[in-house]
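Peer 1: Those protein sequences? They're chains A and B, same order as listed.
Quick note on numbering: the first sequence equals residues 1 to 150 in my numbering.
Quick note on numbering: the second sequence equals residues 151 to 348 in my numbering.
Hints are not guaranteed to be accurate.
Claimed, not checked - Far from chain B, by Cβ distances over 12 Å, these chain A residues were calculated:
(1) H5
(2) Q36
(3) F49
(4) A51
(5) I69
(6) P87
(7) I95
(8) Y101
(9) S133
(10) M137
What the hints assert, rightly or not - Chain A is faced by these chain B residues, among others (derived, beta-carbon under 7 Å):
(11) T170
(12) Y189
(13) T282
(14) Q286
(15) M305
(16) K336
These are computed hints drawn from the structure, not numbers from a lab.
Just so it is clear, CB atoms sit at the ideal spot from N, CA and C, and this is done for glycine as well.
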Amino acid sequence: MKTIHPDDQSIQQFIFDKDHCDKNIARHINACQICQKMVAGYQELSTDFKAQEVPVLDFNLEDRVLRQITTQLEREKRSNRYFFAGPIVFIIIGIVAILSYIFIGEMKYSFGIEDLSIGFIICVGLLIVTLFSMDMMATYKSKMNKIDFS
Amino acid sequence: MEKGNSTDIHLVEMVLKGNTTSFKYIIANTQGLVIQIVYKMINNQQDREDLIQEVYLKVYNKLSSFRFNSKLSTWIGRIAYNTCINYLEKKKIPILDLNVDHESDRQEVINGSSSNGLANFTEDEIFRKERTLILQLEVEKLPPIYRTVVTLFHMEELNYKEISKITNLPLGTLKSYLFRARKQLKENILINYKIEDL
Ligand SMILES: [Zn+2]
Numbered sequence: 001m002k003t004i005h006p007d008d009q010s011i012q013q014f015i016f017d018k019d020h021c022d023k024n025i026a027r028h029i030n031a032c033q034i035c036q037k038m039v040a041g042y043q044e045l046s047t048d049f050k051a052q053e054v055p056v057l058d059f060n061l062e063d064r065v066l067r068q069i070t071t072q073l074e075r076e077k078r079s080n081r082y083f084f085a086g087p088i089v090f091i092i093i094g095i096v097a098i099l100s101y102i103f104i105g106e107m108k109y110s111f112g113i114e115d116l117s118i119g120f121i122i123c124v125g126l127l128i129v130t131l132f133s134m135d136m137m138a139t140y141k142s143k144m145n146k147i148d149f150s
Numbered sequence: 151m152e153k154g155n156s157t158d159i160h161l162v163e164m165v166l167k168g169n170t171t172s173f174k175y176i177i178a179n180t181q182g183l184v185i186q187i188v189y190k191m192i193n194n195q196q197d198r199e200d201l202i203q204e205v206y207l208k209v210y211n212k213l214s215s216f217r218f219n220s221k222l223s224t225w226i227g228r229i230a231y232n233t234c235i236n237y238l239e240k241k242k243i244p245i246l247d248l249n250v251d252h253e254s255d256r257q258e259v260i261n262g263s264s265s266n267g268l269a270n271f272t273e274d275e276i277f278r279k280e281r282t283l284i285l286q287l288e289v290e291k292l293p294p295i296y297r298t299v300v301t302l303f304h305m306e307e308l309n310y311k312e313i314s315k316i317t318n319l320p321l322g323t324l325k326s327y328l329f330r331a332r333k334q335l336k337e338n339i340l341i342n343y344k345i346e347d348l
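Sequences are here, hints too, so could you generate the full structure?
Peer 2: Written as structure tokens, this is what we have:
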């Protein structure tokens, strides 16, 4: 009677996926010299794989990635600063406009200052307050970051 | 389900608190796997290096979304694999086409091996070295996905579940790819020996 040997897939399953290999097939393979030869061929292949050279990089990956992360964080910090600057300026302009509206008549009456001069004083004041606020925000953020990264 | 271990949890927490040095440890612990995946998926050396860095930038930016449903290395491996798939799709490079022939490459490596100082080795060592070279060559002939799964299984010694998570392939499909890859490798290596015996 002609012996039927398990197919290639079953041989591979016997070696690399034993838990799912049919018991009858496993029994046959263990007892059959022809199948054992097939098994040896695949085991040799597996051993040769382990002897393969592992690829390595010729630069320090950690340092390079960390440098990129630092650059990214700095860029985010800068954009955050401008993100806050817009609303701050807007709020200050609003406050100054309201105050000017309320006190402009009062100033004219008390100090006898011209409209143009009042406008000039308001603009300079506005500029100083804006720059001061931005500087405060930048100092605050840099202090927060120092705490995070120490 | 495999869960993230305590070292993974600690490292991720430290990075999320802003400790970038901990991210160095994560890179050191996982770069072997990432390099293997990228090198097996991508052929161009410059692109490989760029993609490896891109993978870690993605890991850093997505770290807060990691839920410890797997090992950290498996999650990072998956990001590496997906990054490579996106790259290959963008470049319209086939990822599953198994019948490719690279006869010229084969000749190149065989010629290269003869000038590789092999004369100093014993016969057994030459045989082993040659076999390793031929296998390396035959692996390179496989399509990217086959190359990757077979390397993750046999070189990185990952189990089916881990490879399935990295590649997002169902277990049955993964096992079938591995089966076909090994069969093709075994047959091609045999053909190589027959050619050399002539
Ligand atoms: Zn048999």
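Peer 1: Taking the hints in turn, state whether each one holds.
Peer 2: Hint check:
For A/H5, the non-interface assignment is confirmed: its Cβ lies about 15 Å from the closest Cβ of chain B, beyond the 12 Å cut-off. Against chain B, the non-interface label of A/Q36 holds: every CB pair exceeds 12 Å, the least being about 15 Å. With a cut of 12 Å on Cβ distances, A/F49 falls inside the contact zone with chain B, its closest approach being about 4 Å. Residue-level check failed: A/A51 sits 5 Å from the nearest beta carbon of chain B, not beyond 12 Å.
Not every CB of chain B is more than 12 Å from the CB of A/I69 (nearest about 6 Å), against its label as outside the interface. Consistency note on A/P87: stated as away from chain B, and its beta-carbon is indeed over 12 Å from all of that chain's, at 25 Å minimum. The Cβ of A/I95 sits about 35 Å from the closest Cβ of chain B, beyond the 12 Å cut-off, so the non-interface label holds. Distance to chain B confirms A/Y101 as a non-interface residue, since its nearest Cβ pair spans about 45 Å, more than 12 Å.
No Cβ of chain B approaches the Cβ of A/S133 within 12 Å, the least distance being about 26 Å, so the stated non-interface status holds. Listed as a non-interface residue, A/M137 keeps its Cβ farther than 12 Å from every Cβ of chain B; the least gap is roughly 19 Å. Because the smallest distance between the Cβ of B/T170 and any Cβ of chain A comes to about 6 Å, under 7 Å, the interface hint for this residue holds. Below 7 Å, beta-carbon pairs count as interface contacts, and B/Y189 has one with chain A at about 5 Å; its hint therefore holds.
Of the supplied interface hints, the one on B/T282 holds, with its beta-carbon coming within about 5 Å of a beta-carbon of chain A, less than 7 Å. Satisfaction of the interface hint for B/Q286 is found here, the shortest Cβ-Cβ separation to chain A being roughly 6 Å, below the 7 Å cut-off. Here the hint on B/M305 is kept, as its CB sits about 5 Å from the closest CB of chain A, short of 7 Å. For B/K336, the interface hint holds, since its Cβ comes within 7 Å of a Cβ in chain A; the closest pair sits about 6 Å apart.
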